[in-house]
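Using the hints, position chain B against chain A.
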Amino acid sequence: MMLEQDTGLSLAIAQIVQRLKGSSLHSQLERQARGSLHKPEIKLDSLKEDIKEFLKTSGWEKRLQNAVYSELNVFPSPCHPAAPPEHMKEPLVYMRKAQGSWEKRILKSLNSMCTELSIPLARKRPIGEQKELLNKWNEMGTDEPDLTLFRPVYAPKDFLEVLMNLRNPNYENGDQPSFRNHLGLIQVPLKVKDIPELKDYFSELGLNTGQLGIDDSTQVPPELFENEHVRVGQTVLTEQDSAAAQQYVRQGCPTALRAELWALILNISNQPEDILYYEQLKSNVIQHDLLVDSLIYKDVKLTASNDDYYFVFEDYLYQVLLCFSRDTSVLEHFSYNSATPPKSYIRGKLGMEEYAVFYPPNGVIPFHGFSMYVAPLCFLYHEPSKLYQIFREMYVRFFFRLHSISSHPSGIVSLCLLFETLLQTHLPQLFYHLREIGAQPLRISFKWMVRAFSGYLATDQLLLLWDRILGYNSLEILAVLAAAVFAFRAVNLMEVTSLAAAEAVLADLSTLKVMPLLQIFLFATVT
Amino acid sequence: MNVSSQHFCEIGKYYHHYCTDGEPEAQETKEPRACIRFKCALTNTILDILRRRPGWVEVKEEGEWDFYWCDVSWLRENFDHTYMDEHVRICHFRNHYELTRKNYIVKNLKRFRKQIEREAGKLEATKCDFFPKTFEMPSEYHLFVEEFRKNPGITWIMKPVARSQGRGIFLFRKLKDVIDWRKDGVRTDDQKDETQVENYVAQCYIENPYLIGGRKFDLRVYVLVMSYIPLKAWLYRDGFARFSNTRFTLSSIDDHYVHLTNVAVQKTAPDYDPEKGCKWMIQRFRQYLTAKHGAEVVETLFAEMDNIFIKSLQSVQKVIISDKHCFELYGYDILIDQDLKPWLLEVNASPSLTASSQEDYELKCRLLKDTLHIVDMEGRLTGKEKRIGGFDLMWNDGPVSRAEGNVDTPVNGSFMANTHLGYNNDRKKQLKQLFKPLHTQQKV
Numbered sequence: 001m002m003l004e005q006d007t008g009l010s011l012a013i014a015q016i017v018q019r020l021k022g023s024s025l026h027s028q029l030e031r032q033a034r035g036s037l038h039k040p041e042i043k044l045d046s047l048k049e050d051i052k053e054f055l056k057t058s059g060w061e062k063r064l065q066n067a068v069y070s071e072l073n074v075f076p077s078p079c080h081p082a083a084p085p086e087h088m089k090e091p092l093v094y095m096r097k098a099q100g101s102w103e104k105r106i107l108k109s110l111n112s113m114c115t116e117l118s119i120p121l122a123r124k125r126p127i128g129e130q131k132e133l134l135n136k137w138n139e140m141g142t143d144e145p146d147l148t149l150f151r152p153v154y155a156p157k158d159f160l161e162v163l164m165n166l167r168n169p170n171y172e173n174g175d176q177p178s179f180r181n182h183l184g185l186i187q188v189p190l191k192v193k194d195i196p197e198l199k200d201y202f203s204e205l206g207l208n209t210g211q212l213g214i215d216d217s218t219q220v221p222p223e224l225f226e227n228e229h230v231r232v233g234q235t236v237l238t239e240q241d242s243a244a245a246q247q248y249v250r251q252g253c254p255t256a257l258r259a260e261l262w263a264l265i266l267n268i269s270n271q272p273e274d275i276l277y278y279e280q281l282k283s284n285v286i287q288h289d290l291l292v293d294s295l296i297y298k299d300v301k302l303t304a305s306n307d308d309y310y311f312v313f314e315d316y317l318y319q320v321l322l323c324f325s326r327d328t329s330v331l332e333h334f335s336y337n338s339a340t341p342p343k344s345y346i347r348g349k350l351g352m353e354e355y356a357v358f359y360p361p362n363g364v365i366p367f368h369g370f371s372m373y374v375a376p377l378c379f380l381y382h383e384p385s386k387l388y389q390i391f392r393e394m395y396v397r398f399f400f401r402l403h404s405i406s407s408h409p410s411g412i413v414s415l416c417l418l419f420e421t422l423l424q425t426h427l428p429q430l431f432y433h434l435r436e437i438g439a440q441p442l443r444i445s446f447k448w449m450v451r452a453f454s455g456y457l458a459t460d461q462l463l464l465l466w467d468r469i470l471g472y473n474s475l476e477i478l479a480v481l482a483a484a485v486f487a488f489r490a491v492n493l494m495e496v497t498s499l500a501a502a503e504a505v506l507a508d509l510s511t512l513k514v515m516p517l518l519q520i521f522l523f524a525t526v527t
Numbered sequence: 001m002n003v004s005s006q007h008f009c010e011i012g013k014y015y016h017h018y019c020t021d022g023e024p025e026a027q028e029t030k031e032p033r034a035c036i037r038f039k040c041a042l043t044n045t046i047l048d049i050l051r052r053r054p055g056w057v058e059v060k061e062e063g064e065w066d067f068y069w070c071d072v073s074w075l076r077e078n079f080d081h082t083y084m085d086e087h088v089r090i091c092h093f094r095n096h097y098e099l100t101r102k103n104y105i106v107k108n109l110k111r112f113r114k115q116i117e118r119e120a121g122k123l124e125a126t127k128c129d130f131f132p133k134t135f136e137m138p139s140e141y142h143l144f145v146e147e148f149r150k151n152p153g154i155t156w157i158m159k160p161v162a163r164s165q166g167r168g169i170f171l172f173r174k175l176k177d178v179i180d181w182r183k184d185g186v187r188t189d190d191q192k193d194e195t196q197v198e199n200y201v202a203q204c205y206i207e208n209p210y211l212i213g214g215r216k217f218d219l220r221v222y223v224l225v226m227s228y229i230p231l232k233a234w235l236y237r238d239g240f241a242r243f244s245n246t247r248f249t250l251s252s253i254d255d256h257y258v259h260l261t262n263v264a265v266q267k268t269a270p271d272y273d274p275e276k277g278c279k280w281m282i283q284r285f286r287q288y289l290t291a292k293h294g295a296e297v298v299e300t301l302f303a304e305m306d307n308i309f310i311k312s313l314q315s316v317q318k319v320i321i322s323d324k325h326c327f328e329l330y331g332y333d334i335l336i337d338q339d340l341k342p343w344l345l346e347v348n349a350s351p352s353l354t355a356s357s358q359e360d361y362e363l364k365c366r367l368l369k370d371t372l373h374i375v376d377m378e379g380r381l382t383g384k385e386k387r388i389g390g391f392d393l394m395w396n397d398g399p400v401s402r403a404e405g406n407v408d409t410p411v412n413g414s415f416m417a418n419t420h421l422g423y424n425n426d427r428k429k430q431l432k433q434l435f436k437p438l439h440t441q442q443k444v
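Chains as they are written, first to last, in full-length UniProt numbering: chain A, 1 to 527; chain B, 1 to 444.
Chain A with its partners taken away, still in its complex shape:
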């Protein structure tokens, strides 16, 4: 109804204005406006219009537009004014409860590791150690601390067990489990898109639209698509329009333009104050040692350092992740994340709220494989503070949804359900066969989705996939790709007779080309 729409809109506007007020962009705009008063074209009797015109022509309006667009993308639309803040984190009570108990387990595990090893959660480094770390900042990879006693706090497998046990207490369908019911591991009734809806949603991936990852192959003359697409990309960058960029990357980013396009979409401009902020985080790392640092080291050594292509970026990973754990600005995202940052208490002040701190300072406890979120970005960004900001923004927009329990369409629970539904609906024979041999498909695809396929696909393919995540501002494409991979290897999978054999068929995804797979699955399969 008109009235509700209006209230919704004005509420949204009010929220965005609230958030942008006091931001550095706000003060820059004020400064620009004030500075413009000296200009001859600004006349006193038409002051407001003239200043607006000036801001438009100087590109500042565009920057404001981009900031607003960014806010719209990241923060969910406001719900009813009377809804409590938990509602924005996660509207469903049973999901919130499940997330809460999962968090308790993680924290318990962390605390017990702490007690066992008698290592404090945080300690101040002695001056000598600080100096040493500062000297070694660019080559922390050469360090070989003894990590044998540290264990990752959890692995994707553990998380999957929790998701499998999720139940909606209000849902009772009364039927006996049968072929018509859902036979997968996820047993909660969330709404997921079906193929007609996905076709509509991902319409730019259709067969009649040019794509990078397909129409730029060596056999296709570049005049047909690639040249024009690159030209459009350059125009988008010149215009500095976030919304246009987001639309553009749905067809893929040219390699040379990708770094800038992603930065434009994520609204990262690497201003001096951003660099300063990063330096501040760096000095926090130098001064204090956190227990999670060891977990980060361990994760990098186990995953990225072992990867054929990402091992080169080992040092960058430390520089990003160690700073990330100390970044309290990340706490802001918990207003729309179903997770809640763990709290710890100053020694001796247990339970006293005045002495509570979030631990780690950014509230995010890394798990096994976490560093793989950063690794692909090292291909694009080399300046540490920019790399850092891009990663942070990617995390608070997308990656956090892959390891928290929520009902959001891009949340991992929905992705798992989407994957299983697609497979069961369109490859029922395969699904049934795998289930019969004890190889539930989700057991294999879960790790791909939790890591957004990082480390499983070849880097260029992964970047083409992440182009679309940014373009559609959604992670659903991960579930579609996972189903498409199973569809592609269906013939081999029908012949296996054990979970191990199924894993082997799907162990190596490095030769896959993602765009053709997605196109075939969505647009060229008879449904």
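One or more hints might be untrue.
Said to hold, decoys possible - Cβ pair distances, simulated, as ranges:
hint : chain 1 : residue 1 : chain 2 : residue 2 : range
1    : B       : 296       : A       : 494       : 43 to 53 Å
2    : B       : 357       : A       : 491       : 26 to 36 Å
3    : B       : 294       : A       : 217       : 17 to 27 Å
4    : A       : 222       : B       : 55        : 54 to 64 Å
5    : A       : 507       : B       : 55        : 32 to 42 Å
6    : B       : 357       : A       : 132       : 29 to 39 Å
7    : A       : 234       : B       : 307       : 38 to 48 Å
8    : B       : 138       : A       : 508       : 49 to 59 Å
9    : A       : 31        : B       : 147       : 49 to 59 Å
10   : A       : 222       : B       : 318       : 36 to 46 Å
11   : B       : 293       : A       : 203       : 33 to 43 Å
Stated by the list, open to error - Here are the computed lysine-lysine pairs in the BS3-like style, where the Cα-Cα straight-line distance is at most 27 Å:
hint : chain 1 : residue 1 : chain 2 : residue 2
12   : A       : 136       : B       : 216
13   : B       : 369       : A       : 513
14   : B       : 216       : A       : 386
15   : B       : 318       : B       : 110
16   : B       : 432       : A       : 282
17   : B       : 114       : B       : 432
18   : A       : 513       : B       : 429
19   : B       : 369       : B       : 324
20   : A       : 386       : B       : 292
21   : B       : 311       : B       : 216
22   : B       : 428       : A       : 513
23   : B       : 292       : A       : 513
24   : A       : 282       : B       : 216
25   : B       : 432       : A       : 513
26   : B       : 432       : A       : 136
27   : B       : 216       : A       : 131
28   : B       : 369       : B       : 436
Said to hold, decoys possible - Stretches of chain A that chain B covers, calculated by requiring three or more beta carbons in the stretch to come under 8 Å of a beta carbon on chain B:
hint : segment
29   : 85-99
30   : 239-253
Derived from the structure by calculation, the hints contain no laboratory data. As the structure is a computational prediction, the values presented were derived from the model and not from experiment. Think of the CB as a built atom: it goes at the ideal place given N, C-alpha and C, for glycine as much as any other residue.
Okay, now just chain B, sitting in the frame of chain A:
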């Protein structure tokens, strides 16, 4: 190795047709495949490839052969007094060392540079400045000292000319180090060689290499030369970047972690293989640079590398004995500096064919299969092809254009070199097209 003429006729009417008529006739369908007898001095990837090639048969020690993948020592001892029939092929040129030994390549390049300067001017001659300043020791000792004094503080590297794998190499900054080294009889293993000091070169050490992730690397690129006169050279699309190991150590981490659900302890850390993970395929390297510097800059860099390959081969064109039986697969080692200038470090006549990983094995298989396709013992090619599998014809007595058509097609419009280093290697498809029976091929 005498091949009887009778056997020659049996090998194939096909060969007979080819040699007498000048034009290959349409291949009669399904002739019993003539067998090609091969010998192989190595026991690695090349042997696998040769054994798997249809119609190729390995010969015993003293048997007659049509194809020999020999090592350079056999060549040195036997080439001069071995008779080879016209169709026979071996994988080295008699005096390849003009290109591959550090002191000879320096001499040849210097001479070539002077020639260009005379003929085409100073600017053109600078295109030969891709080899770090090198001086033979001790014959050019005084020239070296002069150069050394002009550039105080830079690092030099002393390298033995003939040894490989980094043996005997050291860096120095002070002349005193060289003098001491000359005096020392440290090099006990070549005491028998009186002129031992002549076996070294002093080379300017490139101190600002391009770094990725803070690591140094060099590029390995493959160039196949089918003849020197006229010069016919092919460039392989695949190659790799080798990262220095020095900062990268990973002792085996014995990893266990306990599931929160208390399921049995699982080992998740994959077995770490120190050889693995130190190489990037060149496609990945090219993409990385493109993302960082843009396509144009990268095009320029790769064009400069093409220039290195061609100029280096041209510089030895007149001295290498261009025997029609010979071909050679070279491994070029290129170092990129921070200004994105490529430098030639070395040319290897026997690039390692041992595989360090699965990916490496597959690369070498492709490389060697395509090499054998080009050598074309089976006589399937017209000789006018510009691309065979992953090889692109880079030089055919002149630059080769990327434009459609074969080597004879005239070029209109701007010239683009027919090199695709770091491009996608979709060789299977191309080979299928190429080897379709001649009478069904549409292209001339």
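Check your understanding: Does the Cβ pair residue 507 of chain A, residue 55 of chain B satisfy 32 to 42 Å?
Key -> About 35 Å separates the Cβ atoms of residue 507 of chain A and residue 55 of chain B, which means 32 to 42 Å holds.
Restraint status (C-alpha distance of residue 369 of chain B to residue 324 of chain B at most 27 Å): Cα-Cα ~21 Å, so holds.
Discussion item. Residue 282 of chain A and residue 216 of chain B were given as a pair; does the straight-line alpha-carbon distance stay at or below 27 Å?
Written reply: holds (25 Å)
| said: Just to be careful, I want the Cα atoms of residue 513 of chain A and residue 429 of chain B compared with a cutoff of 27 Å; is the pair within it? | reply: At roughly 16 Å apart (the allowed maximum being 27 Å), residue 429 of chain B and residue 513 of chain A satisfy the hint.
Problem set entry | Consistency of beta-carbon spacing, residue 217 of chain A to residue 294 of chain B, with hint 17 to 27 Å | Between residue 294 of chain B and residue 217 of chain A, where Cβ atoms are some 21 Å apart, the hint holds.
Cβ-Cβ distance between residue 293 of chain B and residue 203 of chain A: within 33 to 43 Å?
Since the Cβ atoms of residue 293 of chain B and residue 203 of chain A sit about 34 Å apart, the hinted range of 33 to 43 Å holds.
Residue 432 of chain B paired with residue 136 of chain A [C-alpha distance capped at 27 Å]:
Status violated; Cα separation ~53 Å.
Proposed proximity, residue 513 of chain A with residue 432 of chain B (alpha carbon, max 27 Å): Judged against 27 Å, a Cα distance of about 21 Å means the pair holds.
> Is 43 to 53 Å a correct range for the gap between the Cβ atoms of residue 296 of chain B and residue 494 of chain A?
Replying inline: For residue 494 of chain A against residue 296 of chain B, whose Cβ atoms are near 48 Å apart, the range 43 to 53 Å holds.
Given the hinted pair residue 311 of chain B and residue 216 of chain B, is their Cα-Cα distance within 27 Å? Holds - the C-alpha atoms of residue 216 of chain B and residue 311 of chain B are around 26 Å apart, at most 27 Å.
For this session: Sort out whether residue 282 of chain A lies within 27 Å of residue 432 of chain B, counting only the CA atoms.
Result: violated (56 Å)
If I claimed the Cβ atoms of residue 357 of chain B and residue 132 of chain A lie 29 to 39 Å apart, would that claim hold in this structure? holds (35 Å)
Of the hints listed earlier, those the structure fails to meet are numbers 4, 7, 16, 17, 26, 29, 30, in rising order.
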